[in-house]
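Start from the sequences and build out the full structure, keeping to the hints where you can.
Those sequence lines, one after another, are chains A and B. By our numbering, the letter at position 26 of the first sequence is numbered 1252, and the numbering carries on one by one without gaps. By our numbering, the letter at position 346 of the second sequence is numbered 1572, and the numbering carries on one by one without gaps.
Check the hints yourself; a few may be wrong.
One copy or any two copies: either way a pair holds, since identical chains are not told apart in the list.
[Stated by the list, open to error] With a cut-off of at most 20 Å between alpha-carbon atoms, the simulated DMTMM-like pairs for lysine to aspartate or glutamate come out as follows:
(1) Lys1966 - Asp1479
(2) Lys1454 - Glu1994
(3) Lys1454 - Asp1997
(4) Lys1390 - Asp1655
(5) Lys2063 - Glu1893
(6) Lys2020 - Glu1861
(7) Lys1454 - Glu1958
(8) Lys1600 - Asp1765
(9) Lys1454 - Asp1990
(10) Lys1229 - Asp1244
These aren't lab readings, by the way, just hints derived from the structure by calculation.
Number of protein chains: 2
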Amino acid sequence: MTKWVYAFGAGLKEGSADMKNLLGGKGANLAEMARIGLPVPPGFTLTTEVCTAFYQNARSYPSDLAPQVQAGMTHIEKALSLRFGDVKAPLLVSVRSGARVSMPGMMDTVLNLGLNDDTVQGLAAMSGDQRFAWDSYRRFIQMYGGVVLGIDHHRFEEIIAEAKKARGVTEDPQLTADDWQKVVAKYKAMVAAEIGKPFPMDPTEQLWGAVGAVFGSWETPRAVTYRKLNDIPGDWGTAVNVQAMVFGNMGNDCATGVCFTRDPATGENMFYGEYLVNAQGEDVVAGIRTPQPMAKERAKAGEKPMEEAMPVVYQQLLDVRSTLEHHYKDMQDIEFTVQRGTLFILQCRNGKRTAAASLRIAIELAEEGLIDRKEAVTRVNPASLDQLLHPTIDPKAKRVVLGKGLPASPGAASGAIVLTADEAESRADRGEAVILVRVETSPEDIHGMHAAKGILTTRGGMTSHAAVVARGMGRPCVAGAGSISVDYTAQTITAGGQTLRAGDVITIDGASGEVYAGLVPMIEPTLSDDFSTLMQWADDCRRLKVRANAETPLDAQTARKFGAEGIGLCRTEHMFFDPTRILAVRQMIMASDEEGRRAALAKLLPFQRQDFIDLFRIMAPLPITIRLLDPPLHEFLPHGNAELQEVATTLGTDVETMRRRATELAEANPMLGHRGCRLGVTFPEIYEMQARAIFEGAVAVAKETGVAPVPEVMIPLVGVKKELDMTRAQVERMAQAVFKETGVTIDYTIGTMIELPRAALVADHIAEAADFFSFGTNDLTQTTFGLSRDDAGKFLPTYVDLGILPKDPFVSIDIEGVGGLMRIAAERGRSTKPGLKLGICGEHGGDPASIAFCDEIGLDYVSCSPYRVPVARLAAAQAALKAGGDRTV
Amino acid sequence: MTKWVYAFGAGLKEGSADMKNLLGGKGANLAEMARIGLPVPPGFTLTTEVCTAFYQNARSYPSDLAPQVQAGMTHIEKALSLRFGDVKAPLLVSVRSGARVSMPGMMDTVLNLGLNDDTVQGLAAMSGDQRFAWDSYRRFIQMYGGVVLGIDHHRFEEIIAEAKKARGVTEDPQLTADDWQKVVAKYKAMVAAEIGKPFPMDPTEQLWGAVGAVFGSWETPRAVTYRKLNDIPGDWGTAVNVQAMVFGNMGNDCATGVCFTRDPATGENMFYGEYLVNAQGEDVVAGIRTPQPMAKERAKAGEKPMEEAMPVVYQQLLDVRSTLEHHYKDMQDIEFTVQRGTLFILQCRNGKRTAAASLRIAIELAEEGLIDRKEAVTRVNPASLDQLLHPTIDPKAKRVVLGKGLPASPGAASGAIVLTADEAESRADRGEAVILVRVETSPEDIHGMHAAKGILTTRGGMTSHAAVVARGMGRPCVAGAGSISVDYTAQTITAGGQTLRAGDVITIDGASGEVYAGLVPMIEPTLSDDFSTLMQWADDCRRLKVRANAETPLDAQTARKFGAEGIGLCRTEHMFFDPTRILAVRQMIMASDEEGRRAALAKLLPFQRQDFIDLFRIMAPLPITIRLLDPPLHEFLPHGNAELQEVATTLGTDVETMRRRATELAEANPMLGHRGCRLGVTFPEIYEMQARAIFEGAVAVAKETGVAPVPEVMIPLVGVKKELDMTRAQVERMAQAVFKETGVTIDYTIGTMIELPRAALVADHIAEAADFFSFGTNDLTQTTFGLSRDDAGKFLPTYVDLGILPKDPFVSIDIEGVGGLMRIAAERGRSTKPGLKLGICGEHGGDPASIAFCDEIGLDYVSCSPYRVPVARLAAAQAALKAGGDRTV
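Following this line, the structure appears as structure tokens:
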């Protein structure tokens, strides 16, 4: 005989957590709690196999199902000394669906099943509350009518509206027991008219109706579509859970509450929570009555802790707390109800907690011996570390939301609105806190972004210029806040009908993307000992090295502070935008021949060399990957007419010539244009200057400190091996020249970005000329998808909403597509050169899921914004632990 | 003993054509001619192994090399009854390098080697021409001094300049024997001063000097760089060829000439060529004397055919002609010299010919039994067929070149310059021939391009809008003629200092890219019976089907005329630009909600349906692949202010709203933007309208003619399977709706473009939802390389020049990169769905090398511009023949 029904509670332990395929997620969890001796309200689960059989047999149940369900009901009745359909002591049950994974489109819940015109009296008697009984009854009819009988919810709401109108009141709580009784009568009449027969009074008929509705909902169009989009096989089926209702509001020996086995805010090892006597679960959250604390220790004057009010039950709860922590080996969030002095646990799950609590709990659990250090490392969500490194909005603070954008760079900041980078700098120089607000930022705004406390843009995505640069600097940033509009002329910003002037104070929260008017209080970050301890444990576990993307001394110092093991991406073009250099850069661009370009580049050489000297001093002897010039030249030209005129004057040329050159350089698709090593090939003098600056800088630092830095020169946008051959030869020539001139030789390597699909495909050839590969996954994502990150905002959110893409591929690597190319590149590259060093320097280098993938395909390091380094260290450790013994490191 | 030297000529047959690795290309060819009995001047080849040994042994020769060289020289001396260094009858030789492949940077040729102060007298005596002898001598010193002794050529030129100044003349031919003798003296003095010792007088020393220079040139930086860029191994080495000099200018029993075994212009089977008595090879081409015909039959009045002037030698040449055609089984181009009545063949090779000759020769050779039909099919260069399908510039016509661009669409055309599409149309309507000249074209210019005889743009590449559309229409087009500038305001074009006004006549040659002032005479194409015959033979050989890219009835008719087996790409957006529709399209774009868009689309439906009815009538029952809307919406909006205003008025909106919408739609990288199925996903109503139009059109034609067309609906820019799931469902719903409404059901399929790297990588998934794949290799090339075809003009030519890329990847598929992805997609797609139909519809579908690749990876069809269909049929046949028995078709 097939076992179709698994009972739980009141001593029965037929299922367990590992039977999720058979019992569904919810059923398996209920069974597990029962199995470890928690007092869960008794119940039973109809397995997913019932669902499968139901559809295989033209929507009819197995013949031996009914007796097993009956046995399940009897189990509940006995456990609670109640009877299903009994007039005096009626058993009420809930019926819920429960597939392996939670799924929209499925029937959710019918509560209070078993109520009818007779049993409602029994409920009234047991609870001593007529109003509660009739309200429960009408809720049951409404739920059952909606989800089982398919009646539109408006039909029910109309009846309540009439009832309130008749009584001249506006809120549900103002209706009395009598009112609800009348509502029930009208509900029943309406339902009968709709379905052509009376509302079912027989509890068993009600039960089978609800069970049938759950199974039926497995094949609704919405559920089918969802499964198709999420690759969930149709033959998985759903389970059905039938469980006794318990009530915490049947008198003063009843209660309900929510508690945590440790303090979820601080992680302190003490019993934490709230409860209410004679109340329902929703009363605790509704805020009408003030919940009381659990432990005496936490009670303030006038409060009545449960420890004193219900000492016996409290003691039981302490036992439950201990059982749960030892069973789940983690802090638990528990919902409980006390019905007539009997404790029921309704739910337990790993408790949500702050990042600080997360660290403390993990470390203390390890120190208590419940888990080991490796396990502790897996317990902290890497992304949550952001909370510890940046100021956060005080959760208790009042705030006026002006608008919302993308959470582009974590942390919160307040300051006066400024609309230009220059003003940001000058006001910051005067000691003012400012927020730079721009439609979008460009490399010319870098100084203003540095000066500002935070950055707000109204256009652009998670990898827009503002977002990338802000993350690199550790500045909070909200990007692409489309509902806010900026008027540069009027010097105002407008949002939600409100207009603020430049100088007005706003607050941005880069973790949530919200923008607030005025100054909102914040909590400053402190790096606890727990943080260092966990980072140390993480470092002991990981295989991947972690580097930082950095180009300024400040970035480099931050990177070292956070434990970066080198620089994985130093973007040399950022150095070109400095006001002291941009003129020479523009002269270089405006030059009509190579000679002119060389003259301008000669002016840039000392600056660039000094940049590298500064970085090498900070980082030596750690490696520094320096990417040669990447963006198209037109990015360095001014755009507006006035600016063009100004630059023309400075350059001693006319605005027409400037404009013509700008037009010549303009590109239809700059992302796919004349940039990267294509510049190095067509204007070799640019890379020659940069290479000379690198080697002269390295030699200078080696002479000065005796410790030679290890420059790793990186050629961007290589798609063809010969591009690397040619540019590599340029760099090598410069190295030899500098070594000969200075009499000092240092170690260096030359490698390339892998950021074009073609480069990945011919990686075996490219590897012949490369000492290392660094995956540029921003551009690789753009080209693999044929998706411009600047333009994707128009449809990418829709794609994620519709489930066409599981995540924004600019945030987390698209493992199937982009990841497929990375796999090909890694394999082919190492087939030519087994020891080829592989890294990643795209924005994905700081994303935990992407880091796990990088670990899996055998990269040597990841590189990310300095402020993401701790996140990456932890994520790398978790990835290594997950890979476990499968791999020899 | 290693054989280092292979002799040829005068009865010796030591080498042959298949010994290219040992003898180099040139040596093997000389050996082959000797081997089949042709009278080549005797000589010998030092093998490539000598070169290898030379470098392996610190630049010293094998000890047994010298005796073998000496034996070779003796062989030559005996054959010609001359002696090397003899004062009376001196042997002179040429020394040439000859690697397996021709290679820049290698020493080329030293002629007349063996001359010195004594032997020059012998040469003068033998030739009876003092001036010739001294001129030959000074040429030898100059060549030897330059390539062997490394003396700058300016040093020699200075001396000649002085000599001419002294004589008061300006041209070399005005110098006398005495003058040259003085030049020789000065040369020798200058060389002695330069190298610190006298110019070598000993012929054997001269010989070894030249041989050493050839081997030395193998390792010059230029040769090394070239080998590196072209993947030529350094250990291949070069051979050295030493060959007797023969002279056609030693008297009236001497002659020199060039002839063809058949007429290279028409292919007629008759002996064709020109010769000159008592002349050197260069005299024939120099045009100072008028060459005479070979055959009596071809002689005009007053001409002296060789058949009469030198009947014995002529008869020998006829034998050579027959030997060569039977040996090489193809028409040969022969260079010969007659020295004192003895015939020498200096070179033979497959003769260049016109396309018409190529066809006729191939067919007649097959009919004569020299080759079979399959071989005949391989003999015609598919690309040359263009000549037969389009007017060509009369090669004899005089012309003034204004500028040069890319040969973007073959054929020549003359007409008045017009600078706008509207004017092109209105003047064409009045019967005028016009050439549309634009900086670049956009879809709004289509009507003007149709109306024009040809199109000239000053910007854009081989796959720019102008180029693609012109090829599709069969209009000649020169694109990207950067040296020509267009001034729309002044209504002029300027090129090479010349300014032409609108209305002035120009001629463009789309086959060469040249632009001429005025009307240049042309030759009109005629399709001969040879053409049909060869096409028929080709069709018997090929496996690949050939379709055409077509969207207008005219295109479709042309496609059928040229033998297309269906339409492989019908771009529906081209239909949107018609003036009768563009207004509704713009209303659709300006609509603020779905309802507004649907209203505008409803207006478009009847037009689009009629488009499809017209195409289906022409093509049924052949298949038609219809691509749903692909370009971003902003392409349909006007750009200029005036146009914006005009459209705003027509749409009943204001220009500000228009501008705002245009700004909203603007994209940083439109190529990677909101286009293709991304439009279908976000605005499903667009694809719904198009699908409805397709099915209503197909049903209408099925009802009307009884023959149902087979629409193949193609979804563009799919990168994620769910995109295809969703858009496929939209199309299927429309099909079902139309079938239900009309009561008629027709066959159709739904497939996708593979034009993004990601699509290729996940082709196994995508194939689940696709009935066919069509490779969109234009976009696939752009994304794989990260290369915008609109912007690549700034560096792609440099890339091809430097050998970084072998060819423009937009013209011929990049087999390693883009082809690698196509292979992955084909394999993965068919792993899911073995019968999956695969085709290509990018511009590469008409490129012979790309077609061969498509055949190799098992595509089912290629699709190309209508005028390329014959090219594709022939290329497909050649590909199948090349694959040969390796594959069961």
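Comparing the hints with the structure gives:
1. For a Cα distance limit of 20 Å, the shortest separation of Lys1966 from Asp1479 qualifies neither inside one copy, at 91 Å, nor across copies, at 66 Å.
2. For the identical chains of this complex, Lys1454 and Glu1994 are inter-copy neighbours only, at 13 Å across copies versus 44 Å inside a copy, given an alpha-carbon limit of 20 Å.
3. In this assembly of identical chains, Lys1454 and Asp1997 lie within 20 Å of each other by CA distance solely across copies; the values are 19 Å between and 45 Å within a copy.
4. In the homo-oligomer, the alpha carbons of Lys1390 and Asp1655 never lie at most 20 Å apart, since the shortest distance is 62 Å inside one protomer and 77 Å across protomers.
5. For the homomeric pair Lys2063 and Glu1893, neither the shortest alpha-carbon distance inside one copy (34 Å) nor that between copies (37 Å) is at most 20 Å.
6. In this assembly of identical chains, Lys2020 and Glu1861 lie within 20 Å of each other by CA distance solely across copies; the values are 16 Å between and 24 Å within a copy.
7. With identical chains, the CA atoms of Lys1454 and Glu1958 are at most 20 Å apart between copies only, with a shortest distance of 16 Å across copies and 55 Å within one.
8. Only within a single protomer do Lys1600 and Asp1765 lie at most 20 Å apart by alpha-carbon distance; the minimum there is 11 Å, versus 69 Å between protomers.
9. In the homo-oligomer, the alpha carbons of Lys1454 and Asp1990 lie at most 20 Å apart only across protomers (17 Å), although the nearest pairing inside one protomer, at 38 Å, exceeds that limit.
10. For the homomeric pair Lys1229 and Asp1244, the shortest alpha-carbon distance inside one copy (17 Å) is at most 20 Å, but the shortest distance between copies (80 Å) is not.
The structure is inconsistent with the numbered hints 1, 4 and 5, although it conforms to all the rest.
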